[in-house]
Amino acid sequence: MRTGNIRDYLYEEPGPHTRKRIRIFTGIAILGLLALLGLIIRQFSETGQFNAKYWSFFTKWTTWRFLGEGLLTTLEAALTGSAISFTLGFLLMRGKLQGKIIRGISSFLIEFTRGVPTLLFIYFFFLVVPKTGWKPSAFWKITLPCAISACGVVAEALRSGVNAVPRGQREAALSLGMSERRTFYRVVFPQAFRFVIPSLIAELVIVLKDTTFAYVVSCADLMQNAKVLISNYDAMLSIYLVVAVIYILINYLLNTLSERIAGSQRRSVRTVTEINKGAAVHG
Amino acid sequence: MGLTDLLSKYGSQYFQALLTTWRLTAVSFAGAFLIGILITVARVSPIRPLRIFGDIYVQIFRNIPGAALLILLVYALPYLQIVLPYDVCVTTATVLIPSAFCSEHLMSGMNTISPGQIEAARALGLTFLQMIRRIIIPQALRSSVLPMTNLLVATMLTTSLASQVPMRPRDLTGIVSYINTHDTGGVMAFVISAALYCLTALVIGKIGSLVDRKVRILR
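So the sequence lines, in the order shown, correspond to chains X and Z. Each residue of the first sequence is one higher than the one before, starting from 1 at the first, in my numbering. Each residue of the second sequence is one higher than the one before, starting from 284 at the first, in my numbering.
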């Protein structure tokens with residue numbers, strides 16, 4: 001069986017006639033895209049956005065250090081939030097395997113956190129939590145809601161990972177005399193965890209995106225520091241564009257990493273299945 | 284404030300907010316679906332520049348945080364002399380971001396079709412368009428019901444961006460921050476909105492899995 005992307009086998013090898021047509025359409029497409037690019041550049045230059053005063057401060061080291069500090073806070077919030085949501089998600093996943101009452105509560109919490117937007121959780125921590133007497137710092141006011149909002153998805157990802165572990169593994173461990181608990185932590189979960197690494201990285205991206213709302217609780221993340229730069233240099237468009245590109249690049253790298261890992265796992269799973277098949281044939 | 288007080292004072296506003304969230308979700312999802320299909324067509328076309336454009340489009344809107352995109356649209360675009368009303372900004376953001384995910388779901392739906400089917404279609408003498416219409420699209424759509432259901436819920440969650448701009452009428456998130464800054468809504472104000480979001484998500488999910496059970500292709 002041929003593998004790869006559908007784009008690669010959707011078409012027959014084009015003949016001379018089709019090749020000519022593809023060339024013509026390629027030309028038209030290039031012209032169209034160039035026109036679009038030209039339009040954008042014209043708009044920038046007509047409104048004076050290419051003016052050096054909007055871009056020159058990016059050559060200064062202090063600009064990047066300030067943005068970098070914000071980025072560090074963003075990453076810190078994203079990683080801490082992910083760690084918390086992983087812990088909560090793990091507990092919810094375990095809860096779903098317990099008795100009736102705990103299972104019910106866990107299912108409810110999973111559905112609840114999956115169905116409510118992060119912003120609502122953030123406003124909750126911003127507007128209601130301080131009135132209860134507990135006053136978390138700005139960092140926790142953004143990190144905790146992001147973590148809570150992600151934990152339901154993490155729980156479901158972990159559960160599908162546990163379900164993906166072949167049943168024979170669990171049965172073998174049990175018949176070797178291992179307890180349920182030991183079976184889960186020594187045999188099932190380590191394998192399940194490997195399966196879900198890609199979706200956990202994808203979850204990190206979601207938490208990272210959610211932390212952009214940090215300006216609501218005035219936590220000095222990348223977005224908030226960008227605002228300070230904007231008031232310093234009076235350059236809204238250029239700074240927000242650069243910051244958006246930074247976010248896109250980081251998330252792109254994380255997503256690519258997640259896809260790489262998923263791809264190599266698929267390959268290794270396939271190899272194992274083929275080995276098993278081969279063993280069945282030869283044995 | 285208790286539940287009854289809140290509902291008697293703000294009940295109609297909550298209802299308005301629910302309708303606003305539903306309307307935003309429906310409009311955004313429809314727009315995202317349409318653009319998602321167009322981008323997917325570009326990404327599988329034999330024309331390289333269009334493929335590259337589609338790929339870049341998806342990577343940009345898949346990876347940009349919603350807040351960053353909305354801020355660009357609301358505050359930065361006016362510097363290019365493009366001033367959009369608030370609701371247009373919000374809808375643009377809530378269309379563009381899900382459209383990228385929509386295209387990704389359609390691509391992976393298409394990728395579940397084995398090359399053998401395409402070879403078989405060709406061997407039977409189907410033209411390219413026949414093959415697209417009869418083999419590819421039905422299967423891609425049928426295997427992407429569940430991802431699309433999740434996308435609809437995700438779109439609903441994205442529409443909470445509307446609370447970040449002074450848009451009228453307010454959406455379900457906006458109303459909560461309004462009540463809690465002008466009045467003491469307390470926890471209850473959040474619970475009402477959260478329950479309305481959750482119920483909507485639950486209904487969408489139920490319908491989605493019903494449809495999926497009907498049309499799924501078992502391989």
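In short, the hints are calculated from the structure, not lab data. No residue lacks a Cβ here, since even glycine has one placed at the ideal position from N, Cα and C. Fair warning: there could be bad hints in the mix.
Unchecked claim - Computed, partial: chain X to chain Z, Cβ under 8 Å:
| id | residue |
| --- | --- |
| 1 | ASN5 |
| 2 | ILE6 |
| 3 | THR62 |
| 4 | PHE66 |
Hint by hint, here is what the structure shows:
{"no.": "1", "hint": "ASN5", "result": "7 Å, holds"}
{"no.": "2", "hint": "ILE6", "result": "5 Å, holds"}
{"no.": "3", "hint": "THR62", "result": "22 Å, violated"}
{"no.": "4", "hint": "PHE66", "result": "17 Å, violated"}
The earlier numbered hints that this structure contradicts are 3 and 4.
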